[in-house]
Amino acid sequence: MRSTGTHHRHRRRSTDRSTQAIVLSLPAALVVGLLFVVPLALLVWMSMTDWPLLGEPSFVGLAQYDAILDDPLFLDAIWFTLRYTLITTVLLTAVALGLALLVQQTRFGSGFLRTAFFLPAAMGLAVASLLWFALYSNEVGPLSDLLATLGLVDEPVNWLGTPDGALWSTVLMVIWRFAGFYMIILLTGLQAIPDQVYEAARIDGAGWWRTFTGITVPLLRPTLALVLVLSVTGSLLAFEQFYVLTGGGPDNSTVTVVSTIFRQAFTLFDLSWAAAMSVVVLIALVLANIVQLSLIRKGDES
Amino acid sequence: MTATSTAARRTRLRIVIADTGALVTGTALAILFLLPLAWAGYSSLRGPDATGEGAGFGTENYRRLFSYGEGLLVYATNSILVSLLTVVGTVLISVLAGYAIARFRFPGRNLLFLGTLAIMMVPYPTILIPLYVLLSRAGLQNSLIGLSLVLIMFQLPFALFMMRNAFEAVPREFDEAALVDGAGIPRTLWSVLLPAVTPGVITVALFAFLNSWNEFIAPLMLVTDGSRYTLPVALAAMRSGNFGSIDFGALQSGVVVSAVPCMLLFVLLQRHYVRGFASGALKG
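Chains Z and P are the protein sequences, given in the same order.
Each residue of the first sequence is one higher than the one before, counting from 1 in the numbering used here.
Each residue of the second sequence is one higher than the one before, counting from 1001 in the numbering used here.
Treat the hints as calculated values from the structure; they're not laboratory data.
The reader is advised that the hints may include incorrect statements.
[What the hints assert, rightly or not] Label pairs and their in silico Cβ distance ranges: (1) P:S1191 to Z:L86: 51 to 61 Å; (2) Z:G98 to P:L1073: 40 to 50 Å; (3) P:A1007 to Z:A284: 56 to 66 Å; (4) Z:P222 to P:A1007: 33 to 43 Å; (5) P:T1059 to Z:L69: 53 to 63 Å; (6) Z:D195 to P:T1006: 23 to 33 Å; (7) P:S1245 to Z:G61: 41 to 51 Å; (8) P:L1084 to Z:F212: 39 to 49 Å; (9) Z:P218 to P:S1245: 51 to 61 Å; (10) P:A1008 to Z:P218: 26 to 36 Å; (11) Z:T15 to P:A1196: 21 to 31 Å.
Quick reminder that beta carbons are idealized off the backbone N, C-alpha and C, glycines included.
Use the sequences and the hints to build the structure in full.
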């Protein structure tokens, strides 16, 4: 009898506690449900309807998807975004790794250097783009004057005025803005490599390059992979840097996928078209993430 | 004896050379990284005409920024409000849910955790269009509260992950003793557990602040009323000449005003930032 009583009391207390736990997680559940799950479902629904800004939406099935895949502007945007992603990821990872190796050891000045490299990453991407927009401007920016003073150019450089110029100027700004950020991630990976491994290599008489390719890179693989995933995902979604720096120009040469979605939705008010594009991008990125993450896992196990 | 000491001396010499080389290269690179920032600060103080030769220094650019569009104060207030709402909301929601998930078994526990983490898998610009429609229907479009709710949702995966780990790192005996003594869940959470997870709370708050203060695409899409613009959106409007021709001097002071708070916070709290990255990104 007595044991049943305790049992009952125990059960009541645990149901009580689970009710309270549900109450505690209710705000989170509401946010996730109303602001993530519902919009996600609505996105798919919108992509299959004709959704005017005013008036009633009507179901059109997969017609939007047919149309966007024939849209030359969207295909150009995909091509440009892929090119930008490749260039940015390669250069950014190389620069970030170089910086991380440079400040890896704690010695005089390394704390200051880490902070200096990271500081650009503390400012917003849009604001960083605005800063470089002024830097590149021949009206107020010092860059052309500087190159002219050094005797490297004869006339002002048209930084953002040609398709190639606009692309590479943006890449330079993005490296400046993100290198310190990726450096910090790589540093945490470098610090996880035990000192003994390096000591063993030194005793074996391995030089800097042998140590780097034989120890640092293989042991840093999971962190490097994380940096690659972050850079690829971030670059595929590039928007601010082009919105602010180039405005998509010159001649639509720097229009990214997200710029296209933004323009369809908020300049041309074609919400269902933009929704269908978003679904395509979403599926592509989720697939890319799954592939990349499974590659990292595999690398971890081997 | 002599051989070893010569070798030792040579090793020491090599270390000194390597250290000096790294310091010199590092300093040169650091200058390259800092120059654009220094230039923004410098040209924000040039005046009255930012292009004028020998125009001298002054706060004229900042004064013009004050009267640009709706005025700096309006945009800065909007940014501060949105960031504060996002920080408070993110911390509150993730502390409550993180505690529940770390300490109790209840129906829907795994669903909530995995569902929140799934937000990270979805590229955020893609769900802004349905969010725009939903907020419009709810009368929350053009509202700073609506914008903050969206930003809280984007912060939640990292925040919940951090807080769950922070609570799990605290020994159970800690709070179970308080619960058995009849303290009740709210008091146990407030006076026993919260002090123990404060570093996690600081990390979550820091990330939420930096991300919401710097967020661009969400306010650009969800807020169309000029008087509700946040700082970055207002500055981008200045750049496209929405308020007249481009005033580069005022633009530079805007860059300084929006960048300096983030840099100060980062320099003060960089330990938390780095630790947040180590536990949030790498193990995640």
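Hint-by-hint comparison with the structure:
| no. | hint | in the structure |
| --- | --- | --- |
| 1 | P:S1191 to Z:L86: 51 to 61 Å | 54 Å, holds |
| 2 | Z:G98 to P:L1073: 40 to 50 Å | 43 Å, holds |
| 3 | P:A1007 to Z:A284: 56 to 66 Å | 57 Å, holds |
| 4 | Z:P222 to P:A1007: 33 to 43 Å | 36 Å, holds |
| 5 | P:T1059 to Z:L69: 53 to 63 Å | 54 Å, holds |
| 6 | Z:D195 to P:T1006: 23 to 33 Å | 25 Å, holds |
| 7 | P:S1245 to Z:G61: 41 to 51 Å | 48 Å, holds |
| 8 | P:L1084 to Z:F212: 39 to 49 Å | 46 Å, holds |
| 9 | Z:P218 to P:S1245: 51 to 61 Å | 55 Å, holds |
| 10 | P:A1008 to Z:P218: 26 to 36 Å | 30 Å, holds |
| 11 | Z:T15 to P:A1196: 21 to 31 Å | 27 Å, holds |
Every hint, counting from the list given before, is met by this structure.
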